[in-house]
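Asks: Model the full assembly from the supplied sequences, consistent with the hints where possible.
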Amino acid sequence: MLRFILSRMGMAVPTVFLVAVVVFFLIRLVPGDPAALLLGDMASPESVAALRSDLGLDKNILAQFAIWLTNVFQGDLGTSITTKEPVAHLVIERFKVSAGIVLVAVALASLVAVPAGFIAALRQNSKLDLTLVSVAALLLSIPTFWLGLVILLIFGLKLGWLPVVGYVSVAEDPSRGLLYVLMPILTLFLHEIGVLVRMARASALEVLRLDYITHARAKGLPERTVLWRHVFPNAFAPTLTLIGLVLGNMLGGIAVVETVFTIPGLGRLLVDAIFGRDYPVIQGCLLFIAVIYVLVNLIVDLCYPLFDPRVKIT
Amino acid sequence: MKTLSANAMVGGLFVGAFVIAACIGSVWTPYDPMALDMKARLAGPSIQHLLGADEFGRDVLSRLMLGASASGIVSLATVAIATVLGTALGSISGYLGGWTDRVLVAVTNALLAFPGILLALGLLAIFGANKYGIVLALGIAYTPSVARIVRGTVLSLREREFIDASRVSGDSEMYTLLRHILPNCLAPLTVLSTSMFGWTLLSESALSFLGLGVPPPAPTWGNMLAAARPYLAQAAWLAIFPGLCISIVLLGINLLGDALRDRLDPKMRGMQ
Amino acid sequence: MNRRQRLAASAAAIALTLACGPAAAETLKIALNADIRSLDPGVNRDANSDAVVLHMVEGLVAYSEDASVKPLLAKEVAVSDDDLTYTFTLRDGVKFHNGNVLTSADVVWNWNRYMDEATKWRCRNDFADGGAAHVVSVTAPDDKTVVFKLEKPNALFQATLARTDCGMTGILDKSSFNADGSFNVPVGTGPFRYKEWRKGEFIDLEAFADYAVRDEEKRDGYTGAKRPLVEAVRFAVIPDRSSAKAALLNGDIDIVPDVPYADVEEFKQNADTAVSLATNPGIVALLLQTRDPLLKDMRIRKAIAMALDTKTMVEGITLGLGKANNSLIPPTSKYHSPAQTQGYSYDPEAAKALLREAGYNGQPIKLIANTRYSNTYDAAIVAQAMLQQVGITAELEVLEWAAQLDRYQSGNYTAMVFPYSGRYDPALTMDSVMGNKDKEPRKVWDDPEAQAMLADAVRYSDPAKRQELFDKLHARFLETVPFIMLYNGLEASAYQKHVQNYAASIFSMPRAWEVTIAE
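These protein sequence lines are chains A, B and C, in that order. With the numbering used here, letter number 285 in the first sequence gets 285, and the count goes up by one each step, no holes. With the numbering used here, letter number 272 in the second sequence gets 272, and the count goes up by one each step, no holes. With the numbering used here, letter number 192 in the third sequence gets 192, and the count goes up by one each step, no holes.
When the alpha-carbon atoms are kept at most 25 Å apart in a straight line, the in silico DMTMM-like pairs for lysine to aspartate or glutamate are as follows:
| # | chain 1 | residue 1 | chain 2 | residue 2 |
| --- | --- | --- | --- | --- |
| 1 | A | 96 | C | 201 |
| 2 | B | 39 | C | 309 |
| 3 | C | 120 | A | 54 |
| 4 | C | 352 | B | 37 |
| 5 | C | 152 | A | 46 |
| 6 | C | 366 | A | 41 |
| 7 | C | 439 | A | 46 |
| 8 | A | 96 | C | 196 |
| 9 | B | 131 | C | 395 |
| 10 | A | 84 | C | 116 |
| 11 | A | 127 | B | 262 |
| 12 | C | 366 | B | 32 |
| 13 | C | 311 | B | 37 |
| 14 | B | 39 | C | 266 |
| 15 | A | 96 | C | 240 |
| 16 | A | 84 | C | 204 |
| 17 | C | 323 | B | 37 |
Short derived list, chain C residues pointing at chain A, Cβ under 7 Å:
| # | residue |
| --- | --- |
| 18 | 402 |
| 19 | 403 |
| 20 | 405 |
| 21 | 406 |
| 22 | 421 |
Because the hints were derived from the structure by calculation, they are not lab data. Here a beta-carbon is modelled for each residue, glycine too, at the ideal position from N, C-alpha and C.
Replies: Quick look at the structure:
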């Protein structure tokens, strides 16, 4: 078990390193100078040059990379060029916000979508299946930012039920905090239902088609037993993998939702950093997202045998 | 099977309408999609402008039609790039094995460790936020998915008898790969390409929404939607029509993709 | 109003209203389109930072509503006959937020801090050796008097001290700094004091009860009456414009300082909201690279100027709210004389003739714009259409703002629509566009003769003499077309009707003093 974890992490190290290298050099190729951006349209070349040297941007690019990498290994992601805050702190604070919304949305969506997907699979080609599949396809097809705008228009503006902007940490003030995250959660929830129903249905269909289900049925086991003993456990494992993937992907996709609802999350931090050419923040965010993605996949793999007796970790 | 193929029909209908609109849009539109007409500024849907006019008085229907062809071409080009690159990488990786495989898998995994849209954001910044940049960025972002599937198929085929037979009969590696292995990847690739077409359409509009997509004034559905946001209250149709177009085409692609999946490749089900 | 609706609407909303507490009504909530950069005056700042910091910090002198410079912490300013010595007399009873009384020693101490290179004050170079207003000494002969000595006469000395992007050269108490000398939070003399800054979310200020009010009736730019009349101010960071608008309509925000022109009519019609408009000295210009093989020909530049109906263009872009101005001097300035109202003559036929004469035959001209400043993008779209009419092929290249700024700084472009932030003295505005392109590629008006006139306008403080120079400069600007001036920035602020006495200003920054909230 431990060996498995270690070897998997060993495999992840080159991946994350590669991400770090690519990110570092790519963003420096992009036109746009953080110093000039900070100083604005009337800055003199001297003051821009002075700021560049303050920020260490005048150094050789390899030297900059060496400095950054050394610091990263010491757990220091640097400081933001625009806000002067430590990047690690910034990333973690913003991540908490995004992760809270994503986790709740995916958890709720799973609770609805996984049973729905399984039922659709059991009644394959029935009216119910057709309806569920169509609804899922529809939800999947609506761009989240458009859905978000429509939800904002309806609940925030027309009905006036929910505050339209701002953010209050749920940890700090649970009742108010909840109000601010309801709309973003609803948006992602609806979208993820579309994704997860299809996945759950497909997993269940796959299992239903397997020989041992036919065997179990042929043996005369009651349908209920077949379902609970054989179908659901086996269909759940691949679904779990996919939920893991969805979680990882959503960290990227949440940027647009955070923009619509002005949530100070990781996605918006990254987009703002890209516009502001805040190199340390861009690097920190992307490295962090890569690590999280790898970790989520690892955890999913580790959980796999718990649900799927066929898989043994050695 | 009957009911689901009804879904496929609907999907085909939507996609067909999109293709037709795009084809017409690239040669003819009711108005010049770029012509300003300040008098018609934010005019609502009417006989003159069936779907209204935008903040510069440009005809929304004409822009949607031109946008359909622009979005369609961007998506097609992206899918083409991802498929060609991904197939090349995946088949080399799977067929050669060894260190080549290990390195390519590491690179693929690194790319997959990024949500597609983030990777595209980064790449876009380098290639420049224009049509070509978008195509390259999204194309590269989706390459790993293709490579992974092709590699998997190649691996599973490599040890089969007919491949051995081809090798033994003295065919070159290249010939074996092209003649016997790649054709077997076609089914999963067709399914994946269909989804990728949808992803590209969606990603392009999301990037435009964040201000990083195909730059105006050339219309795409994404940047039309982004441009419509400030006018949401006075001219909701500016946001509604492009949003509807994206949703309907995506729905069509998803439904059609499901049908293709059922028909071509029952194993692929469950893959995103 | 909205609050009542919400109460009726849902149980969840009740929780919200209760959580807001009874004091909420006395907090003035102002939207900011981005978080501020720092609270250190004139250091690592942008316009939003200036707007917030200048509620807490004040300088010796400040800009008034018509962009002239008037005393603020100073009671009066005396200038010697040789224009080299400025004697500032401080007002009595001015207190810092911690209760300390302002003395001339504070001014000297702050000046030395600003002039220390380590402070990284934005305006240090202007006052340092080699700068236009080189200050050779600052002394405090007594508690209430500060004397600045200049190396050479400079009509812009006070105007530079008062610059908002210099943080008004604001005077801080020493308790604003940590033990190691680094900046902590501003403890100034302004009408509001610092309470909390939650990054990415809001900055909270509270009224400073002991604020030393100037003996004046009215608010006057950054000086005049500046009483804090609300208990607290919250600057809420709302980067998204549609969200800010929704928040205002919803009652979550009291003031949005910069709403899109497209929304102005709606806010005017709405029973709960009102709009205040102000032209600022910022300029929106169509820059032409005079070293481009095509545009170095003055005839082509002239043809472009003639092809543009700037009046119609600006009315279109601002939806009739703004007016074209082809002069670098804004209409709000006292130097905007009748001569300055002379603009480009719109004449497509003459433009076509000039183009023929110059041998232009359809070579494409790349016109750069960005969507971050949507008005510049709109201007580019309209310009492209107008140029088309006379046969000029303009290809629009829309860049991200960072990339456009890069091209601007390096001079690597053919044409671009570019927004300049405001400078309050015309000479400062001109200084930011004029210069030698070999030395500073970002400069857009490279003309030694004009440069000499500008130097005079900086040297002499006599208004009549300056007016004459500005008028001559304008004539030359129209004649040689180094670039095309389209219009001045126009800011539309929308606010809840229960907010009393709020007004947009030439500064394009929200001001919370003298503002009240009616029940």
